[in-house]
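A.B. asks: Residue strings, one per chain:
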Amino acid sequence: MYAKKMILVAALLGCGALHSAWAGKNDDTLRIGFTRESDTLDVYFNATREGVVMAHLIWDALLWRNPKTGQYQPGLADEWAFIDNQTLEFKLKRGVKFHNGEKFDADDVVYTMNWISNPENGVKARRFVDWIKVAEKVDSNTVRIIAKKPFPAALEMLSNLLVIYPNEYHAEAGPDLFGRAPVGTGPYAVTDVDIGKKITFRANREYFGGSKGAPAIGNIVVSNFSDKNTLLAEVLTGRIDWMWNVPADQAEKLQNNPQLQVVNESTMRIGFVVMDAVGRSGDTPFTKRKVRQAVAHAINREAIVKHLVKGRSTVIHSACFPTQIGCEQSVRKYEYNPDKARRLLDEAGYPDGFRVDLHANRDRPYVEAILSDLQEVGIDANLVYIKWPALREKRRAGKVALQHTTWGSYSVNDVSAVTSVFFSDNPDDYAHDRQVRQWLAEGDNNTDLEVRKAAYSKALRRIAEQAYWVPTWTYNVNYVFSKDLNFTPDYDEYPRFYQSYWN
Amino acid sequence: MTRYVIGRLALAAGVMLVVSMLSFSMIYMAGDPAITIAGESATDADINAVRKFYRFDDPIYAQYGAWMANALRGDFGRSYYLRAPVGELITDRFPTTLLLGGLAMLFAMALAVPLGVAAAVKPNSLVDRLSLMISVLGQALPGFWFGLMLILLFSVKLRWLPPSGTESLKNFIMPAITLGYYATPAMMRLTRTSMLDVLASDYIRTAHAKGLHPAVILFKHALRNAIAPVVSLAAVQLGFMLGGSVVVESIFSIHGLGHLAWESISRNDFPPVQAIILTLSMLYVALTFCADVLNAWLDPSIRLE
Chain H
60 MYAKKMILVA
70 ALLGCGALHS
80 AWAGKNDDTL
90 RIGFTRESDT
100 LDVYFNATRE
110 GVVMAHLIWD
120 ALLWRNPKTG
130 QYQPGLADEW
140 AFIDNQTLEF
150 KLKRGVKFHN
160 GEKFDADDVV
170 YTMNWISNPE
180 NGVKARRFVD
190 WIKVAEKVDS
200 NTVRIIAKKP
210 FPAALEMLSN
220 LLVIYPNEYH
230 AEAGPDLFGR
240 APVGTGPYAV
250 TDVDIGKKIT
260 FRANREYFGG
270 SKGAPAIGNI
280 VVSNFSDKNT
290 LLAEVLTGRI
300 DWMWNVPADQ
310 AEKLQNNPQL
320 QVVNESTMRI
330 GFVVMDAVGR
340 SGDTPFTKRK
350 VRQAVAHAIN
360 REAIVKHLVK
370 GRSTVIHSAC
380 FPTQIGCEQS
390 VRKYEYNPDK
400 ARRLLDEAGY
410 PDGFRVDLHA
420 NRDRPYVEAI
430 LSDLQEVGID
440 ANLVYIKWPA
450 LREKRRAGKV
460 ALQHTTWGSY
470 SVNDVSAVTS
480 VFFSDNPDDY
490 AHDRQVRQWL
500 AEGDNNTDLE
510 VRKAAYSKAL
520 RRIAEQAYWV
530 PTWTYNVNYV
540 FSKDLNFTPD
550 YDEYPRFYQS
560 YWN
Chain Y
128 MTRYVIGRLA
138 LAAGVMLVVS
148 MLSFSMIYMA
158 GDPAITIAGE
168 SATDADINAV
178 RKFYRFDDPI
188 YAQYGAWMAN
198 ALRGDFGRSY
208 YLRAPVGELI
218 TDRFPTTLLL
228 GGLAMLFAMA
238 LAVPLGVAAA
248 VKPNSLVDRL
258 SLMISVLGQA
268 LPGFWFGLML
278 ILLFSVKLRW
288 LPPSGTESLK
298 NFIMPAITLG
308 YYATPAMMRL
318 TRTSMLDVLA
328 SDYIRTAHAK
338 GLHPAVILFK
348 HALRNAIAPV
358 VSLAAVQLGF
368 MLGGSVVVES
378 IFSIHGLGHL
388 AWESISRNDF
398 PPVQAIILTL
408 SMLYVALTFC
418 ADVLNAWLDP
428 SIRLE
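For the protein sequence lines, the chains are H and Y, in the order given.
Just so you know, we're using our numbering here: the first sequence kicks off at 60 and counts up by one.
Just so you know, we're using our numbering here: the second sequence kicks off at 128 and counts up by one.
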């Protein structure tokens, strides 16, 4: 892979001025290249980021989260309010139609919410629908969604992930056909689907607009490429107008290409080192706080971000993404200090360090840098680099003493989507801290924002104080696209193509 | 001859059985398949439900037996990811792979045969060495590297050919060269050896004595006889090319069997991988079997070995 990269980088240096025919603007068709196939367009069965991006084109949710302000704005609902701490009431927009002409009303919302929350229907992203107890129709324009228990992240889910089906068409088509021939209210309608290869969208000229606004680009074609370098070649030859996740070194070279724009944006994905603080994996040094703190002082996160991760990534100290609701920032910080790390190890009874397996499933160069830092202070870490399913299996079985992993929170801007996932006495919890668990539960189950923030703050401070995790850095994405395209990426890593237009 | 054919058939069946066991066991090589299918946000209950639904709890031999029994009926199950019958996916993608394999074979023959003839006409000369170097280079270059170099030159630099896709035959030029070039050395060397044998035979000497034009002797009399074993080898190489298209199809985004295999491996979607391995192996074994039988029919001494 390294060789492949080098070849392309070398070629890019000499190819800057060769471009002439950039088709996208000429035929009003935005050509997008992804490297991950989508098995279905039904977002409830395809929770990949690409799947959600396409879902935002096809469907609307009840609300829309403004990525610039973080505020919730009208989507398919004009008004909303908590009736009590478990019931949300929505006044729906009138006059909205699905792509097939079906009229949107309360029946569609009730049908969708009750269908996705029914475990028998096998929705994949259970975490996002399990909180729904039932949806009820008040009148043709009003619905209530009742949660099983107070669920403050409900608005976040309803503004981003939970899109509304057309009840009649969905019931008639069934999930499989619906995934291949989807119908929504969104700014783009699907006109052709070749699963795993190509998906074609046409602008919905009758779109109601609302917070998303009317689509400006006439057509969008999403194609799949299994090799990122081939996709890059397609972008360089002008056959593809947009791609993302371009490695930092290649992105730097592409900055000089006059036909392309390169934009870097942070994402909600964070990295972190997890240590087995309770000895689930056996007799491990990480049960001692000083050892965990030594690890935190040993890793030179600033240097890794500066030289490897690059872009808009930043070092983090709290076990969440900084913009997430409740993500306390004034927590104990562990500066890079290898001498202090050695001293702490000595005090913990490991003057000569120890040997341990460091598990990871992605970002090998970053993990190797961590490994090297640990070796510097005497921790002889052996890299066990395995695929994600295998790591998850081992992790949940309590067999991992030390790991570096990442979490994207599914772009849910709330601490409950990350900290609560890993510290709630579940198989992913390697801290088993009762206090932390109680504070997180208090935050997760309360609708009062200030109460939530206070609870999460206590939990996050303790996590940092105890050094259960070493939060490492935020991730970033390099977007490369045609100079003809006006596109602005957002930190939540959901490209909003419906707001793009040709320059 | 019948005994020979039965022996080869038994060997082919044995190979297929081992391949089927190996391809089936792949499903457990990258961890619990239920975790992969359930997805990143799945709870333990979701994973258990998946495990139960796909019967991953059954003993492995029972799972293998059920899978094999279905496979023999042409039912390879459903892709976990694409949620389509694997048989349909293979039927849909196989023609593309076959076209790529056929074009690659044409390229390999078009390069290997003239080089082999040239090398045989002037053995141990500069032409011979050059021919050998050109063909061996094909085997020495890794497919992904060579493919990317072609893309850089003919797509990014010169803009002559599209870097990927399958819209027209133009899209297949670079993938066919990448795939075919690798198979060139064996065919070139066989052409050379075979031509050297034929050129040293009595009837060629007689043809020269009769004063026939050298080109007529070379192409009409010598090559026609020397090409038979090369064609036999080409049949086996075609099987190899179909299997070897995984990397080439991925580089050039050709949605054939190789691409499907690559994508399926990367997402731990094993039913298509198992079926593709089984199908391509079967094809390879069948082509090898045909070549063996053909050779034995042409050369009785092989039957007696």
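A hint or two may mislead.
What the hints assert, rightly or not - As a list, the in silico DSS-like pairs of lysine-lysine whose alpha-carbon atoms are at most 27 angstroms apart:
(1) K284/Y - K84/H
(2) K446/H - K179/Y
(3) K249/Y - K179/Y
(4) K458/H - K179/Y
(5) K287/H - K284/Y
(6) K256/H - K84/H
(7) K179/Y - K542/H
(8) K297/Y - K287/H
(9) K84/H - K249/Y
(10) K297/Y - K192/H
(11) K256/H - K347/Y
(12) K192/H - K512/H
(13) K453/H - K347/Y
(14) K369/H - K312/H
(15) K284/Y - K312/H
(16) K458/H - K349/H
Derived by calculation from the structure, the hints in this document are not laboratory data.
A.B. asks: Which hints from the list above does the structure break, by number from lowest to highest?
C.D. replies: 3, 7, 9, 10, 11 and 13
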